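Student: With the hints as constraints, model all of the structure from the sequences given.
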Amino acid sequence: MKITRRALFRFGLSAGATGVAGRFSRFGLWNALAQDAYDYKALVCLFLFGGNDSNNLIVPLETREYNAYKLLRRGLALEASTLLPVNALTGGAAYGFHPKLSELRQSYVNGRLAVVANVGTLVAPVTRPQYLAGAAVPSNLFSHLDQQTEWQTASPQATAATGWAGRLADRIAGWNAPPAFPAFISVSGSQILGQGERTQPGTVIPGRGLGPAGFNTSAASQARFRGLQQILTFDTGMTLVHAANSILEQGLQDDARLSKALQGLPALQTVFPATGIGQQLQQVARLIQARQQLGMRRQLFFASLGGFDTHIGQLATQESLFTQLSTAVSAFENATLELGVDQQVTLFTESDFNRTFQPNGNAGTDHAWGGHHIVLGGAVRGGDIYGRFPTFELGGPDDAASEGRWIPSVSVDQYAATLAAWFGVDADGLTAVFPNLSNFETRNLGFLP
Amino acid sequence: MQAQPAVRTALGASLALWAMMSPGRAQDLEPIPAPDPSPKVSVRAATRLLDQATFGAAPGAVYGVQRLGMESWIETQFSAPESPISDAPADVTNLTTVQQEFFYNAMNGGDQLRQRVAFALSKIWVVSGARFNDPAAIVPYLRVLQKHAFGNYYDLMSEITLNPAMGRYLDMANNVKPNPALGRSANENYARELLQLFTIGTYELNPDGSRRMDGQGRPIQAYGQPEIVGFARAFTGWTYPPVPGQASGARNPVRYDGPMVPFAANHDTGEKMLLGGTLLPAGQSPEKDLAGALSNVFHHPNVGPFIGKQLIQQLVTSNPSPEYVSRVASAFADNGQGVRGDMRAVIRAVLLDPEARMYDDSPPPEAHRYGHLREPVLLVTGLLRRLGAGVPRDNNLAGYARNLDQNVYFPPTVFSYFAPGYEIPGAGALGPEFQLLSPSRAIARLNFLNQLFFSTPGGGTPLDLSAFTAAAREPEALVRLVNQVLMAGAMTAELRQAILQAVNATTDSQLRAKTALYLAAASGAFQVVQ
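Going down the list, the sequences are from chains A and B. Going by our numbering, the first residue of the first sequence is number 1, and it counts up by one from there. Going by our numbering, the first residue of the second sequence is number 450, and it counts up by one from there.
Simulated from the structure, these hints should not be mistaken for lab results. Each hint should be verified, as a subset may be incorrect.
[Claimed, not checked] For lysine to any residue, the following SDA-like pairs were computed, each having C-alpha atoms within a straight-line distance of at most 25 Å:
1) K260(A) <-> N899(B)
2) K70(A) <-> G91(A)
3) K489(B) <-> R793(B)
4) K626(B) <-> L394(A)
5) K100(A) <-> N110(A)
6) K572(B) <-> F49(A)
7) K626(B) <-> E62(A)
8) K626(B) <-> A316(A)
9) K626(B) <-> L72(A)
10) K626(B) <-> N110(A)
11) K737(B) <-> A699(B)
12) K572(B) <-> N110(A)
13) K626(B) <-> L728(B)
14) K100(A) <-> A579(B)
15) K572(B) <-> G306(A)
16) K626(B) <-> K737(B)
17) K489(B) <-> R806(B)
18) K572(B) <-> G189(A)
19) K626(B) <-> G396(A)
20) K626(B) <-> G189(A)
21) K596(B) <-> D583(B)
22) K737(B) <-> M722(B)
23) K626(B) <-> A363(A)
24) K737(B) <-> G698(B)
In this text, all values refer to a predicted model and were calculated from it rather than measured experimentally.
Tutor: Right under this line is the structure:
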């Protein structure tokens, strides 16, 4: 936080220093920034679509907790001997990572990965009695689409037009060089997470060529391209037509800038797995590689892995998904080391929700609420567990119902605000980006400096 | 429907010329009728209806609507013979041939309205090749959608609920009763998505589709976790159809050639809570509980506005007025003869509503949120049908749509390709299909047009552009023809001018034709159906 505040003051961007900011034109400000050592930070959201059963991502190995786990999870319980053991830095308690997460476990041991326990959508802290008595809770709990959206908007009750990363990008818009390349890039389709009041998220399709195909330097081709650009600017007053044209126009601009920025950059040495998530994270690494060419000092990225809606046959499905997750994230970590930005890039997970602790009759689990998440990067105060594991008791103090649907003990706001504070947003900015943050006592969970 | 006669004649003549000069189109299933000398419906109005009710306004289809009038055309479509949905050849174990047949029927089938409604239903009642890329599973499911597209919504609910592909996709197959001794619950997957996605949604609705509010102005949840558990338990005790010649067991092996069957011992016979405080009494059979549960859902007042609005969005416009939704919901509630859930009544209400027809004769006023973005499938078929492309059975149109993020019958999740509530960022309007239009996918759409017009289209899609090339000797005539074929004459002056300017940069007739078609199809005015 100390460095951040100083940086903010120097760049004249904090809320209280508008007088300083006023002395710089946008270019002047950029030039002032450029004289410093290259200040850069990136946040990478890895969304686990479908609702990851994080009850099996990391399991307490202390006898009492593990026995409760084994008893209640029945056929879905992972054997203690197969779990990959670690200890929490704070308190020393033993935990085990899922057997297919060996790379992530290694990052944890190396002090570069932290686990945040029982995170979920919340309006304010809530206990089981309060929940059962009808306290304010997020809308449409247990529904995929709603909970995905609420994780991305940090707006658990109202329909939000913006995502928290988009609002974050709004706050730091002046830190990147004009003309602005999108501060938020999704390599997994349109996502509300990156939509700001002013920030328009960009997208890149991993492995695809950039820009429109089929144009050349002939007069006819050039005329056709000019015609295309001209057509996209026509305002017919029709909302949907205008939107379609604007989106294409943005795509053409972003791709043109990116193509130019990537010219001459060497290929990454790090080998990524040939999986969807592997390719996505490789694309993110490639975009980070072009950060200086693009004039970016702060970037946000979105990647995703789907298939976590394990209502049936969970063990086999999750093994496959966790293998993909662990190998791809590990390659990404290596790429940040290769690029020398491992201290400046932090990857974190989000997911619709955790799943019921109690299995259903199909060796699967159903939709639940609070779950465990991972944060990875050189800056992370890793090798530790943040937050509190729920008490493994059906209908117990942390259960919203009777099947082990954990009431979160950490809110999405607290989790994301900790990331945002590291990213460089001051206290006022955090309050603006996360309107419900003030409902929680702890504003920073401490897993990042 | 009151087009200027002069305009009508000019467009009609031009289309007739175009239709005669496009020998590439498939003529086996849908012969081109001759233009009617005194049409009941203008070209523009017929084109609009066809964009809403079919896979695209092929010239022949325009004449059909003009000759019959809209009401009669719809009734004719109701009785048109169904395009076949074939079993895959024995050696094909993925959905390739199913996708090819989908596009073949979409391009050439005479039962366009049924195909289009069935396609809309496939995006509501989702199963996906992403879970099982298996024609044996998907083909029977598609037949159910097609069969009930013009039937009753309750019959659709009943038959899909027992369809084994759905049973497998959302885990109702082999969903067994809770067992406290073994510490396991009933599977909630089908129960939750049936309510949330296929019938009523998460909030209580007014007949006009708006949310009902409680005394403090907060929306009212349509159900809670107790109801989900109630339905999950009501749906226990069903398994795959038995192997022919063998006795049915508790957990029959996966097969798709018939409805799922009950296995009573796996059914939860306790009392269950349903919607609106209704209780299913204890001690009932799986069949009786299933019928009771589905009937409880079907009669919930949300179904009309919830499904009606989605059908409007799929066929006509992303942002219907509450009054429009209300009129469609009312047709769902009662077809005029006291029948609830009559799909024909709903479809008539969607397509013949004054709001669906209000721009038949003039472009919408400014700053309007009318229409909807062509989703990838409809972009591909809408363009190719207009251009009279002869699409054979072994086509690769699925590849085009896949590149644009819509792999037919492979929706990524049960939430389909796009959500009905998706808001276009910053536009203050709903635009479900825009969820697939990221900036980079918008460029992919350009690249589809490039492939279509400037490279040799793969997958056997012969496109005969000789009519356009012939017209291109005179750029004005070319742009006029493109305007008529792609936009039913609705091109703005500035768009016409921009295309003309690009066309004039070359004297090569073929290049001129391709340039004009590329630019017109790339424009938002074509990408959005208005």
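Student: All hints are to be evaluated individually against the structure, with a verdict given for each.
Tutor: Structure-based check of each hint:
Taken as a hint, the K260(A) and N899(B) pair is honoured in the structure, with Cα atoms around 22 Å apart against an allowance of 25 Å. Between the alpha carbons of K70(A) and G91(A) the distance comes to roughly 23 Å, so the proposed pair stays at or under 25 Å and holds. In summary, the hint linking K489(B) to R793(B) is supported, as the alpha carbons are separated by about 23 Å, within the 25 Å threshold. The suggested pairing of K626(B) with L394(A) holds, with an alpha-carbon distance near 18 Å, which does not exceed 25 Å.
Note on K100(A) and N110(A): the hinted pairing holds, with a Cα-Cα distance of about 18 Å set against a maximum of 25 Å. With a C-alpha separation of about 19 Å, the suggested pair K572(B) and F49(A) falls inside the 25 Å cut-off, and the hint holds. About 33 Å separates the Cα atoms of K626(B) and E62(A), which puts this hinted pair outside 25 Å; it is violated. For the hint linking K626(B) to A316(A), the alpha-carbon distance of about 23 Å falls within 25 Å, and the restraint holds.
A distance of roughly 18 Å separates the Cα atoms of K626(B) and L72(A); the hinted pair therefore holds under the 25 Å criterion. Restraint check: the Cα-Cα separation between K626(B) and N110(A) comes to about 46 Å, which exceeds 25 Å; the hinted pair is violated. With a C-alpha separation of about 18 Å, the suggested pairing of K737(B) with A699(B) holds against the 25 Å cut-off. Using a Cα cut-off of 25 Å, the hinted pair K572(B) and N110(A) is violated, with the two alpha carbons roughly 46 Å apart.
Distance hint between K626(B) and L728(B) is fulfilled; the C-alpha atoms sit about 17 Å from each other, no more than 25 Å. This hinted pair checks out: K100(A) and A579(B) have alpha carbons roughly 23 Å apart, not beyond 25 Å. Proposed proximity of K572(B) and G306(A) is supported: the alpha carbons are some 19 Å apart, at most 25 Å. Simply put, K626(B) and K737(B) have alpha-carbon atoms about 16 Å apart, close enough for the 25 Å limit, and the pair holds.
Proposed proximity of K489(B) and R806(B) is supported: the alpha carbons are some 14 Å apart, at most 25 Å. The suggested pairing of K572(B) with G189(A) holds, with an alpha-carbon distance near 19 Å, which does not exceed 25 Å. Our distance criterion of 25 Å between C-alpha atoms is met by K626(B) and G396(A), whose separation comes to about 23 Å. Straight-line distance between C-alpha atoms of K626(B) and G189(A) comes to about 39 Å, which puts the hinted pair past the 25 Å bound.
Our distance criterion of 25 Å between C-alpha atoms is met by K596(B) and D583(B), whose separation comes to about 20 Å. A C-alpha spacing of about 15 Å is found between K737(B) and M722(B), which places the hinted pair at or below 25 Å, so the restraint holds. Proximity of K626(B) to A363(A) is assessed by CA-CA distance (about 13 Å); at most 25 Å being required, the pair is judged to hold. This hinted pair checks out: K737(B) and G698(B) have alpha carbons roughly 20 Å apart, not beyond 25 Å.
Hint compliance for this structure: hints 7, 10, 12, 20 are broken, all remaining hints hold.
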